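Novice: Residue numbers (our numbering), protein chains in the order written: chain G, 1 to 434; chain F, 435 to 868.
Wrong hints could be hidden among the right ones.
Straight-line Cα separation of at most 27 angstroms, DSS-like style, residue types lysine-lysine; simulated pairs [stated by the list, open to error]:
(1) LYS722(F) / LYS86(G)
(2) LYS265(G) / LYS288(G)
(3) LYS288(G) / LYS520(F)
(4) LYS205(G) / LYS288(G)
(5) LYS793(F) / LYS437(F)
(6) LYS7(G) / LYS359(G)
Computed, partial: chain F to chain G, Cβ under 7 angstroms [to be verified]:
(7) ILE526
(8) TYR629
(9) TYR662
(10) LYS712
(11) ASN741
(12) VAL758
(13) PRO763
(14) LEU764
(15) PRO812
(16) ASN837
(17) ILE838
(18) TYR854
(19) ALA861
Negatives, chain G to chain F, calculated, CB over 12 angstroms [to be verified]:
(20) ASP18
(21) PRO94
(22) ASP194
(23) MET230
(24) PRO273
(25) ALA331
(26) TYR388
(27) ASP421
Note that these hints are calculated values from the structure, not bench results.
Note that the structure is a prediction, hence the values are computed from the model and not measured.
Ideal Cβ positions, reconstructed from N, Cα and C, are used throughout, including at glycine.
Residues per chain are reported as follows:
2 protein chains.
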Amino acid sequence: MGKLLIKGATVITVESHDSVINGGEIAIEGRNIVSVGPAGSAPEGFVPDRTVDASGMLALPGFVNTHTHAAMTLLRSYADDLPLMKWLEEKIWPLEARLEEEDVYWGTLLCCLEMIRSGTTTFADMYFFMDQTARAVEKSGMRADLSRGMIGVGPEAQQALDYVPGFVDRWHGRAGGRITVRLGPHAPYTCPPDYLKKVIDLAGKLDVGIHIHLAETRTEVEDMARLYGMTPIQLVDSVGLFELPVLAAHCVHLNEKDIEIMARKRVGVAHNPESNMKLASGVAPVTKMLEAGVTVGLGTDGAASNNNLDMLEEMRSAALLQKVSTMDPLALPSFQALSMATAGGAGALGMGDRLGLLKEGFRADIILIETRKPHLFPRNDWMAHLVYAAQSADVHTVIIDGNIVMEGRRVLTIDEDEVYDQVQRRAERLVAGK
Amino acid sequence: MGKLLIKGATVITVESHDSVINGGEIAIEGRNIVSVGPAGSAPEGFVPDRTVDASGMLALPGFVNTHTHAAMTLLRSYADDLPLMKWLEEKIWPLEARLEEEDVYWGTLLCCLEMIRSGTTTFADMYFFMDQTARAVEKSGMRADLSRGMIGVGPEAQQALDYVPGFVDRWHGRAGGRITVRLGPHAPYTCPPDYLKKVIDLAGKLDVGIHIHLAETRTEVEDMARLYGMTPIQLVDSVGLFELPVLAAHCVHLNEKDIEIMARKRVGVAHNPESNMKLASGVAPVTKMLEAGVTVGLGTDGAASNNNLDMLEEMRSAALLQKVSTMDPLALPSFQALSMATAGGAGALGMGDRLGLLKEGFRADIILIETRKPHLFPRNDWMAHLVYAAQSADVHTVIIDGNIVMEGRRVLTIDEDEVYDQVQRRAERLVAGK
Numbered sequence: 001m002g003k004l005l006i007k008g009a010t011v012i013t014v015e016s017h018d019s020v021i022n023g024g025e026i027a028i029e030g031r032n033i034v035s036v037g038p039a040g041s042a043p044e045g046f047v048p049d050r051t052v053d054a055s056g057m058l059a060l061p062g063f064v065n066t067h068t069h070a071a072m073t074l075l076r077s078y079a080d081d082l083p084l085m086k087w088l089e090e091k092i093w094p095l096e097a098r099l100e101e102e103d104v105y106w107g108t109l110l111c112c113l114e115m116i117r118s119g120t121t122t123f124a125d126m127y128f129f130m131d132q133t134a135r136a137v138e139k140s141g142m143r144a145d146l147s148r149g150m151i152g153v154g155p156e157a158q159q160a161l162d163y164v165p166g167f168v169d170r171w172h173g174r175a176g177g178r179i180t181v182r183l184g185p186h187a188p189y190t191c192p193p194d195y196l197k198k199v200i201d202l203a204g205k206l207d208v209g210i211h212i213h214l215a216e217t218r219t220e221v222e223d224m225a226r227l228y229g230m231t232p233i234q235l236v237d238s239v240g241l242f243e244l245p246v247l248a249a250h251c252v253h254l255n256e257k258d259i260e261i262m263a264r265k266r267v268g269v270a271h272n273p274e275s276n277m278k279l280a281s282g283v284a285p286v287t288k289m290l291e292a293g294v295t296v297g298l299g300t301d302g303a304a305s306n307n308n309l310d311m312l313e314e315m316r317s318a319a320l321l322q323k324v325s326t327m328d329p330l331a332l333p334s335f336q337a338l339s340m341a342t343a344g345g346a347g348a349l350g351m352g353d354r355l356g357l358l359k360e361g362f363r364a365d366i367i368l369i370e371t372r373k374p375h376l377f378p379r380n381d382w383m384a385h386l387v388y389a390a391q392s393a394d395v396h397t398v399i400i401d402g403n404i405v406m407e408g409r410r411v412l413t414i415d416e417d418e419v420y421d422q423v424q425r426r427a428e429r430l431v432a433g434k
Numbered sequence: 435m436g437k438l439l440i441k442g443a444t445v446i447t448v449e450s451h452d453s454v455i456n457g458g459e460i461a462i463e464g465r466n467i468v469s470v471g472p473a474g475s476a477p478e479g480f481v482p483d484r485t486v487d488a489s490g491m492l493a494l495p496g497f498v499n500t501h502t503h504a505a506m507t508l509l510r511s512y513a514d515d516l517p518l519m520k521w522l523e524e525k526i527w528p529l530e531a532r533l534e535e536e537d538v539y540w541g542t543l544l545c546c547l548e549m550i551r552s553g554t555t556t557f558a559d560m561y562f563f564m565d566q567t568a569r570a571v572e573k574s575g576m577r578a579d580l581s582r583g584m585i586g587v588g589p590e591a592q593q594a595l596d597y598v599p600g601f602v603d604r605w606h607g608r609a610g611g612r613i614t615v616r617l618g619p620h621a622p623y624t625c626p627p628d629y630l631k632k633v634i635d636l637a638g639k640l641d642v643g644i645h646i647h648l649a650e651t652r653t654e655v656e657d658m659a660r661l662y663g664m665t666p667i668q669l670v671d672s673v674g675l676f677e678l679p680v681l682a683a684h685c686v687h688l689n690e691k692d693i694e695i696m697a698r699k700r701v702g703v704a705h706n707p708e709s710n711m712k713l714a715s716g717v718a719p720v721t722k723m724l725e726a727g728v729t730v731g732l733g734t735d736g737a738a739s740n741n742n743l744d745m746l747e748e749m750r751s752a753a754l755l756q757k758v759s760t761m762d763p764l765a766l767p768s769f770q771a772l773s774m775a776t777a778g779g780a781g782a783l784g785m786g787d788r789l790g791l792l793k794e795g796f797r798a799d800i801i802l803i804e805t806r807k808p809h810l811f812p813r814n815d816w817m818a819h820l821v822y823a824a825q826s827a828d829v830h831t832v833i834i835d836g837n838i839v840m841e842g843r844r845v846l847t848i849d850e851d852e853v854y855d856q857v858q859r860r861a862e863r864l865v866a867g868k
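If we strip away everything but chain G, and leave its shape as in the complex, we get (with noise of 0.2 angstroms):
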């Protein structure tokens, strides 16, 4: 097993706002850390293959990106500035029927690339042809949790539900353990309590866990309640679905019963402040559910509706839109921040034990950022330096499972030439209504 040894970084462990080490030392093996400490800290006989030197360097963990689309980088910038419906019937659903196995490859590609040059080392997908997906996620080096959309209404609910068994075999725990694979229900509005309850018995025979969209909309809260009477977040309570490990993306439209059964019943939360804000969604009770014990991350969504993968941004987003929207200065400080982008993330995905921290035994999913910057100067406060003022081009060096996948900014797994030439062609076809 290889062995890495990086030198003279600030290390930002994450486990508090003081847990700061100047001049620290990380030391990896195969995939894991085994030391993080003061220089001179790794273990008496760890002989490294290899060492980088990060001084003048932050390390800190990696990024968890807990909701995205991957594929949809395709339709980036395509439909701005539109109404919901407008955008999704005339614009967004129109082109993804073209779309073609091989477009979300290297559309997922694209969002790889973006990822590991802003600092993403972990991202939760939900889209479909998802065997493209993880191929894509294989070769860029990044690790990821994969589900495949299923809509319960039409011929597509059966498809779904057919794709799914398969889909877990071939890529669950697979790409030496960087992929994970969970089941992708859409939405409450697109997959009626029947449906959910089949996707339930399946994810439980299967042992793999949920993603699904909670709550986005008032619209949705409406349409539920009419419906069945129930909150989204009641709903689905209702037919089980929190007995399994859930990832709820957005959040936004809750009442206190329904953050109390969230936190009862473990519900990871994907928070997406960007995409809230650019669909006019409404604003996430972000600091109601962390107050309540709630395990929130941070996604930053597809790029049809960000149009973006930064997390850097997402988590300043994050931080300033809760600050003004409970008009409190002191809401989401940047520690909690920087927390919910890794290790809350990480703790949404049932990964907490292994990634979002730079602890002893955790995987070695590490990024390095360049401080000698104009807009991180002077040196006062790293954590209010990396949410309020650092940008995802200061990200200098990102390894992931113990593997360097970018050093100097120049991604070592993907072409980067490549990816552009096929997005650029493929988006041009699917725009031309090919």
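Since the structure of chain G is provided, determine the placement of chain F on it from the hints.
Specialist: Frame of chain G; chain F shown alone:
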């Protein structure tokens, strides 16, 4: 006069969403643009001293940051996530009381470095030791509109009135016309009506405009109502402030009559969405102001309350915040946000006849943006890419007043290492209480 030709760019003139010229060409003579058009459109007989190949780049007007406190870069991330009065009284004011003249020079130079690197070519500033600010601006090559902040109570009140005539004389129209000066009465709650009248008289005599904070917080509106029975806008209007050219920062808490007055009196507004979010001041009614015909520009505010000076990010935040706060995904579409950051800002500064557009006769304040970045693929809509996906590290070249100030991300006017060293030492002294 030097002649410069920019060739091969995708030119975004910001005259309308559709005024995009592929493979365009911009001819510059001295400080001015002499032509903007397709390849071969430069005037007959135009022989450039230098040609810039901008293939694969976007060319657009430099950003106009309409409100900041440049030297507050020294206080970046020094005191975050605190209640406003604790922040001011225990942290910011004691530290500002220790600021020396040279601190303001180096703090401003760091600000200019960060702004140039993020595509800002003009900024409006309010602070103290403003001769030092002007020195730094002159050195940096930037364009700036400078105001000495004036507090109308205590010994400081008269000192400020005594200082400004000399400051106007020394700097208004200087640095080759790149520096203009205003008077900077801080706000209605720090400048009582009698003092404001003195400032207005003096500004009239000196023939300069005003830069002021207005209606930033709910507390300010309540206090002005209690003391004077008027809104901040109506109060300053009643003493004649709006008979002068006024740049009004924030304008968060407005009623319909306020907006009507501001439109009629042609008040320029500096909207600072990230500062308003971070300090939990509230959400400015930007959409309503624009509908009423108010000229609105964008600003970052100082680095102590943002914590960067990144106008691309500020554009995105402005657009997203309007959408979610009005619950309308069509609010502040991409072109309007870009226009606010350029032409709108120029208009708010009373410079709309020469800045903010790429247009014959306008000043050559131009930025080039690299597009071969994963977050800018595929090429669907440049306006949406710029506002919703681009980042400041994509800015490749910056031209101000016809001079190349940054090229290939290297700033030519400022010694970065010297600035970092000076700023770091000075910040450490200030924080140590010296």
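Novice: Now tell me if each hint is right for this structure.
Specialist: Checked hints:
1. LYS722(F) / LYS86(G): 24 angstroms, holds
2. LYS265(G) / LYS288(G): The hint holds at about 16 angstroms.
3. LYS288(G) / LYS520(F): 24 angstroms, holds
4. LYS205(G) / LYS288(G): 34 angstroms, violated
5. LYS793(F) / LYS437(F): The given pair, whose Cα atoms are some 16 angstroms apart, holds under the 27 angstroms limit.
6. LYS7(G) / LYS359(G): 15 angstroms, holds
7. ILE526: Violated, because the Cβ-Cβ distance from ILE526(F) to chain G comes to roughly 12 angstroms (cut-off 7 angstroms).
8. TYR629: Violated, because the Cβ-Cβ distance from TYR629(F) to chain G comes to roughly 29 angstroms (cut-off 7 angstroms).
9. TYR662: 24 angstroms, violated
10. LYS712: 6 angstroms, holds
11. ASN741: 4 angstroms, holds
12. VAL758: 4 angstroms, holds
13. PRO763: Holds: closest Cβ of chain G sits about 4 angstroms from PRO763(F), inside 7 angstroms.
14. LEU764: 6 angstroms, holds
15. PRO812: 3 angstroms, holds
16. ASN837: Violated, because the Cβ-Cβ distance from ASN837(F) to chain G comes to roughly 20 angstroms (cut-off 7 angstroms).
17. ILE838: 19 angstroms, violated
18. TYR854: 6 angstroms, holds
19. ALA861: 3 angstroms, holds
20. ASP18: 14 angstroms, holds
21. PRO94: Consistent with the label, PRO94(G) stays out of reach of chain F, its closest Cβ about 15 angstroms off (over 12 angstroms).
22. ASP194: The claim stands: ASP194(G) keeps its Cβ more than 12 angstroms from every Cβ of chain F (closest is about 32 angstroms).
23. MET230: 23 angstroms, holds
24. PRO273: At about 8 angstroms from chain F, PRO273(G) fails to clear the 12 angstroms cut-off, so the statement is violated.
25. ALA331: Per Cβ check, ALA331(G) is inside 12 angstroms of chain F; nearest 7 angstroms; violated.
26. TYR388: 4 angstroms, violated
27. ASP421: Check fails; 10 angstroms does not lie beyond 12 angstroms.
Of the numbered hints given earlier, the model fails hints 4, 7, 8, 9, 16, 17, 24, 25, 26 and 27; all others are met.
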